[in-house]
Amino acid sequence: MSMANTTAPTIATSSQDIAGPHGPKPRRMLSRRNIFLYGTLFVMAAYYLLPLYVMVVTSLKGMPEIRLGNIFSPPLEITFEPWVKAWSSACTGLNCDGLSRGFWNSVRITVPSVLLSIAIASVNGYALANWRFKGADTFFVILIVGAFIPYQVMIYPIVIILREIGLYGSLSGLVIVHSIFGMPILTLLFRNYFASMPEELFRAARVDGAGFWGIFLRIMLPMSLPIFVVAVILQVTGIWNDFLFGVVYTRPDTYPMTVQLNNIVNSVQGVKEYNVNMAATILTGLVPLIVYFISGKLFVRGIAAGAVKG
Amino acid sequence: TDLEVTHWWTSGGEAAAVAELAKAFDATGNHWVDGAIAGSGGTARPIMISRITGGDPMGATQFNHGRQAEELVQAGLMRDLTDVATKGKWTEVVRPKSLLDSCTIDGKIYCVPVNIHSWQWLWLSNEAFEKAGVPVPKDWNEFVAAAPALEKAGIVPLAVGGQAWQSSGAFDVLLAAVGGSDAFLKVYKDKDAKFAAGPEVAKVFKAADDARKMAKNTNVQDWNQATNMVITGKAGGQIMGDWAQGEFQVAGKTAGKDYTCLPGLGLNEVIATGGDAFYFPLLKDADKSKAQEVLAETLLDPKTQVAFNLKKGSLPVRGDVDLNAANDCMKKGLAILAKGAVIPWTDQLLSQDTQKQKEDLFAEFFAKPELTVDEAQKRFADLIASAD
Amino acid sequence: MTAANGTSVSIQNLSLNFGAVSVLQTLNLDVAEGEFIVLLGPSGCGKSTLLNCIAGLLDVSEGRIFIKGKNVTWEEPKDRGIGMVFQSYALYPQMTVEKNLSFGLRVAGTPKDEIAKRIARAAEILQIEPLLQRKPAALSGGQRQRVAIGRALVRDVDVFLFDEPLSNLDAKLRAELRVEIKLLHRKLLNTMIYVTHDQIEAMTLADRIAVMKGGVIQQLDAPQTIYNRPVNRFVAGFLGSPAMNFIDGRLENADGGWRFAADTLKIPLGTYDFAGDPTPGPVVFGIRPEHVSLNNGTGWPFSTAANVEVVEPMGSDTLVWLKLAQQNFSVRVTAERTPNNDEAVTVGFDPMRASLFDAATGTRI
Amino acid sequence: MTAANGTSVSIQNLSLNFGAVSVLQTLNLDVAEGEFIVLLGPSGCGKSTLLNCIAGLLDVSEGRIFIKGKNVTWEEPKDRGIGMVFQSYALYPQMTVEKNLSFGLRVAGTPKDEIAKRIARAAEILQIEPLLQRKPAALSGGQRQRVAIGRALVRDVDVFLFDEPLSNLDAKLRAELRVEIKLLHRKLLNTMIYVTHDQIEAMTLADRIAVMKGGVIQQLDAPQTIYNRPVNRFVAGFLGSPAMNFIDGRLENADGGWRFAADTLKIPLGTYDFAGDPTPGPVVFGIRPEHVSLNNGTGWPFSTAANVEVVEPMGSDTLVWLKLAQQNFSVRVTAERTPNNDEAVTVGFDPMRASLFDAATGTRI
Amino acid sequence: MSKSERPNPLFRNLNAKVASIPMILTAGVVFVGGTLWTVLYSFTNSKLLPRLNFVGLDQYYRLWVTPRWLISIENLLIYGAISLVFSLVIGFLLAALLDQKIRFEDTFRTIFLYPFALSFIVTGLVWQWLLNPDFGIQHVVQGLGWESFSFDPLYNSSIVIYGISIAALWQGTGLIMCLMLAGLRGIDEDIWKAARVDGIPMWKTYLFIVIPMMRPVFITTLVIIASGIVKVYDLVVAQTSGGPGIASEVPAKYVYDYMFFAQNLGQGFAASTMMLLSVVIVIVPWAYLEFGRRK
Ligand SMILES: Nc1ncnc2c1ncn2[C@@H]1O[C@H](COP(=O)(O)OP(=O)(O)OP(=O)(O)O)[C@@H](O)[C@H]1O
Ligand SMILES: Nc1ncnc2c1ncn2[C@@H]1O[C@H](COP(=O)(O)OP(=O)(O)OP(=O)(O)O)[C@@H](O)[C@H]1O
Ligand SMILES: [Mg+2]
Ligand SMILES: [Mg+2]
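Residue numbers (the working numbering), protein chains in the order written: chain A, 706 to 1015; chain B, 9 to 396; chain C, 13 to 377; chain D, 13 to 377; chain E, 103 to 397.
I should point out that these hints are in silico values taken from the structure, not numbers from a laboratory. The reader is advised that the hints may include incorrect statements.
[To be verified] With a Cα cut of at most 30 Å, we get these calculated DSSO-like pairs of lysine-lysine: (1) C/Lys147 x C/Lys199; (2) E/Lys203 x C/Lys194; (3) E/Lys306 x C/Lys129; (4) C/Lys225 x D/Lys147.
[To be verified] Per label pair, the in silico range of CB-to-CB distance: (5) C/Thr38 x E/Met304: 28 to 36 Å; (6) C/Thr373 x D/Gly18: 54 to 62 Å; (7) A/Gly744 x C/Lys129: 17 to 25 Å.
[Stated by the list, open to error] The following residues of chain D were derived to be distant from chain A, with all beta-carbon distances above 10 Å: (8) Asn64; (9) Ala67; (10) Glu88; (11) Gln106; (12) Arg163; (13) Arg220; (14) Asn244; (15) Arg344; (16) Gly360.
Every residue, glycine too, gets a C-beta built ideally from N, C-alpha and C.
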């Protein structure tokens, strides 16, 4: 009643008006569109989550239970021992301190590698986008082709190069290797990002007297946070999960966490402890996952800016 | 002195075995720096080779006992151990003698064999045969005959994991068992392609054909998953090396009661002397070179040998050691070894290249029923013809 | 159904909020069949929003929209019988002009020959026949605009909606296209609702102009009425270029008549047409630069002396800036009669031409 | 070295190609000290390119550029003593207004107090003191524009380059800022080179206008000269809004004098000031709409009858369209004297005000 | 001193050139140098160590008569086609779905992206399990009563390469989705409106209007996917090690196996030279067209 009263003035002029639709179009939660939309999303989400479910469930089971072979059944008896073992007591040869051993090595490898590779690639992208010089395109095309070279093929040439410059086996050598292999895709990303920024900003800064580095550091950098987040995500994922370079170009005392992971998982002989393997994988993936969570929104925005223009 | 040792022994038992080596080495006043890389030679080897050629060599490194390090030696990157060997009278203590042959290049000794792993075993699940209502077979032929009964009971007769080295290894075992030691040597040592194309080897291929039919429903990749099928009675048997024993032990199974092991498939009881050896890159540091010598000696020390091999589940390389603690199957192996029924293993006879090609062939053969026995044998003979 | 007969578009009590921000407030608008309505207003006043509501591209928060007497409030855009031209053209960049024009029809399953006929007609009207096989990237701004109009045209709709179609073009092209749109309207006699913030466009094209500000229609009237008798100070100031002069002062009753006083300036308002009963108080006096004369005899109801400050020649005319009652004041003169800087001049006008606004509310007095 | 004394910017034989596309062709331009030059031309004619060459932001293909008598052809932009305002403002989005203004000075290592002093002065001139701590995103278009100008201002340079600084603004704001720039020039007396495609801006601001087309300067002259005596048909058509009327016809020698003939229309050219010796042949006759009168007595050197076709009210004036010699013709009249559609009227003008162009080459006769 | 003459072009933009030295060195020394080195040694019979012992085209001859290499090539083509098409389609579809102003967008996006963070060393094992007919999905479905259900893509030679793609898509589409989503957000709002007014159904708008407009995004994505395809290795190793038999072998694995397992560097180099050659033939002309022209 009171509802009708308050709206009366608008519709009083003509009683027929009540019949016609007015106001916002009603949206049913269970419209066909929504059923299709969320239905598809949930099915897809299930596909994406199924392996995670199996991993988590397995990692919480004891080995006898795993031998039963029912990978989908929830653990009868939840045990966190595999997690503890994966982290702190799984053995790599003689060293039985699990993933924790390589964790700090991984950090020590990942941080400088990510920083250096992004630093180099961003400067490259900037130079390519804003300071086109003769021959730059050729190098860029070579770089893009380089993105297609299987890493393994390059192991020997790089061994030779590193040996010749005397960096073989050192952390700096590894950092250089990561920078080299991160360069193609990152340079592409940065180049496209900087190319999409208004040219006039760059020109304005030149008229203002800033030089190559001045413009980069003071104008471009502060504006390109999103693309840096993208690059960080790509590189953190790539370098953190890298095994081949980490093990080929360093020494045992600086082996990254993935060497431990590989050792836990890939023992050819002896018993395979699947629960520990799963726990170890999830643990190893946590760092990139945390980076994703933190930068979820920026990720999408950053790529937008980088990729949308040619 | 610190000495870095790289190897690919990372699983529980292996690591424990390595620990024995380390302990013994540390007792000499030196320090074993462990550089374990898991994932079989394929993962570890490029790393080791890169390190050696990259000018940053480790103190010592494991290779499969065989020809894997040949070129490194030829390139002058590895250390000559002849002096140490002479001092330790290796030629006398190492048994079988052929083990040392593989370490010898141009009359110089470059490696230290540490164990013998043999491939020639057929592991059978007693439970599976019980279920199928047939007695546990005594040799390969009985096993093949029992296959239909097993299949009827819903049991996969023979478990062969999907990875290439498993099918290739199974064939080699069949070759030595069905064809006999001579045939094995003729093919792999003499690389007699004509013989490989001949009727004797055809018999082996026939056996392999049986094997692949029996293995058709295996559906697992890893060897230990296949072993697990035997353990749980889902499969009747598996051709696998002595390392499979560890799986049975961990699962709490007892040899003879729960499972049966048939060396040489019960047909030709020989042991192939595959195994692991340590190589020592040439180092500039005199102290380290000294430590290398100490390590080489330590590795062959009788006490170390026993402690190491008991943990590793392999056989020691010297005959003068006491192995009372060994289990049933291991004792069978020791007995054969004592009889001198040994053959060299493919690692020692063939280059890795040829081995890989062989793996490819047998992986295909076991997985692809359309590949006929004749066709496969022809390709095998070609392969042997170009083998090195 | 309740829309008056003969009205083409009728908007009743329309409100629209973006979350907490209210953009349109109980807006009412009736557009007659075949009428050309221009929505005029500063940036951000809700013009595009209103157009999008009519097109069905935005969900209204309250109210109804009728097109041709049918309540279309909840109808899909394609079922409303409208065609729309977007500020940014929104041509499909990878299709040729012809494809751009025909895409909607093909999707609707119109027969091939019918499509060809309609495209031919639109192309002829808009003179874009030679461009049919080009892609938008190969067109100039004006040509793109015509294609965008063509896309609405082929759909054979009752109502055209234009959202600032000319604002991206340079002045010359703008002038040309203005004429074309005017002629198009003559030819087709469709209803057109046209958004702009350019007052020349508004004045030349509209049958009626709706001046908007802050989501509210300030005045809806014929162009000349809006120009000459703006209902409030906002409308007065927004229309006209150069803009109307405003002088702050007071309305006084003196000598039996009303007069405007600011500083020493006193303007008798004998000829002024008051909108209601005037009361004394602070007011704003407004007069357009072209309604003021310089050095042109003494026959004016009001005249005063002043000094020229800046002279701005604009080609055909010149704008002369001076100060009246300490406030800036501009006068438009023809190029030939331009005084010099600092010259002393006489300023004369007829207060009948002026507008007076309440200083507080801004409404016309 | 070869630059004339007293010239501020001198461009000699400048050519610029982008790959195979030649954008500027052996262009010459001398700008005097303190002069305000406007570059005017249609979109894509090379105005921005020329400005960028002067600023050193593009490498020239051929030719030399002098600023203050110094050859700066290969100098870095910062060493040329120029300040530039970009079409899109190009403010650094992450810096406050103050930081934007001071950036160039900080890069150059100017002392802190000197920076503060210059910013204070620029902010005062441009009235942006209250905005100094805001970021560009929080500014309106006009305010951004002023900051962009300020950024050039604080650098205390000899030459200002403006690239269409007002083209993004609506008409009202444009008019305001135009006055500000004019006043700024008066105050600073710097040399200014200003690019636009808006002729009102060009006319009101320039000391001299350079009308460009296709990378070539067509005419460089004072605004009134360009407006009244365009050297070719392009310049004539490009300037003026509404545009000049053109009638295609022939120049004939009749009755001892010259006359223009098209269809039945014959215009005696007794008062026309020929640029050279005329010869009979096809020509184009041009006259501006505001130089034509409607129904205004018979005292004109030439008058004829016509029928009104379209009436376009533009607020202050009205444009009347009719046909002369079957060709469109517009007349600008004051709003009060507007005729009706289809009304018969008399069109009168003085041929002295007209321009005649060669039909083939387009040059003024 | 005034620079009145055209300066030496070598010193124009000197800073940019100096800053590009890492890129130039990487491209020139590592990629070009490394590639030339590889090509050179592919004509030798290098085994464990690279040695300049030339044998002409022997390695190539052997390569092209090796059944495993031929199968690898065939698999790469199939796998490449599948993962290219499905990555793009699924990635785009997911992005389009997420772009519908849905609730929990963040959650869904993270779900689709997380596999990218996990190492394939173990997730390959999980997929092996899931697709295992004896205890994976097939087993579960059959347990539900659908006895004839068969789904064993990793254990069936004829479809194994398709099975491998299932996990490949699982891992890779999240990133593609993010790129696509970003691209979609960059499309002018007015285009959508215009299409709605024109009465064009949503899917047609995507197909005929939006996708062609997202060309640059697709190009970036394409480079990322394609380079991933050519390099595919651990995906196969972790799931099937190339099996059953050699049914799921891929070229990169052939290269790796022959370089390091078989210790036949020459053969590995010959194989990788073939791979690079085909990449160069496809990529270089395209890349020049795409990136070489002026902005
Ligand atoms: N999605 C939105 N969310 C919140 N506010 C919005 C949104 N879209 C528009 N607005 C606000 O609504 C108001 C009206 O916007 P609208 O686009 O209708 O302006 P307009 O009159 O068309 O202006 P212009 O002349 O600049 O195009 C603006 O103040 C704008 O900030
Ligand atoms: N990088 C380039 N490569 C090739 N052609 C170019 C390039 N930059 C500009 N041009 C061409 O040079 C011509 C002049 O461009 P310019 O930007 O100077 O025009 P403009 O006169 O400033 O036009 P507008 O008024 O639209 O700003 C145009 O035709 C343009 O297409
Ligand atoms: Mg708008
Ligand atoms: Mg320009």
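For this structure, which hints from the list above don't hold up?
Violated hints: 2, 7, 8, 9, 10, 11, 12; rest satisfied.
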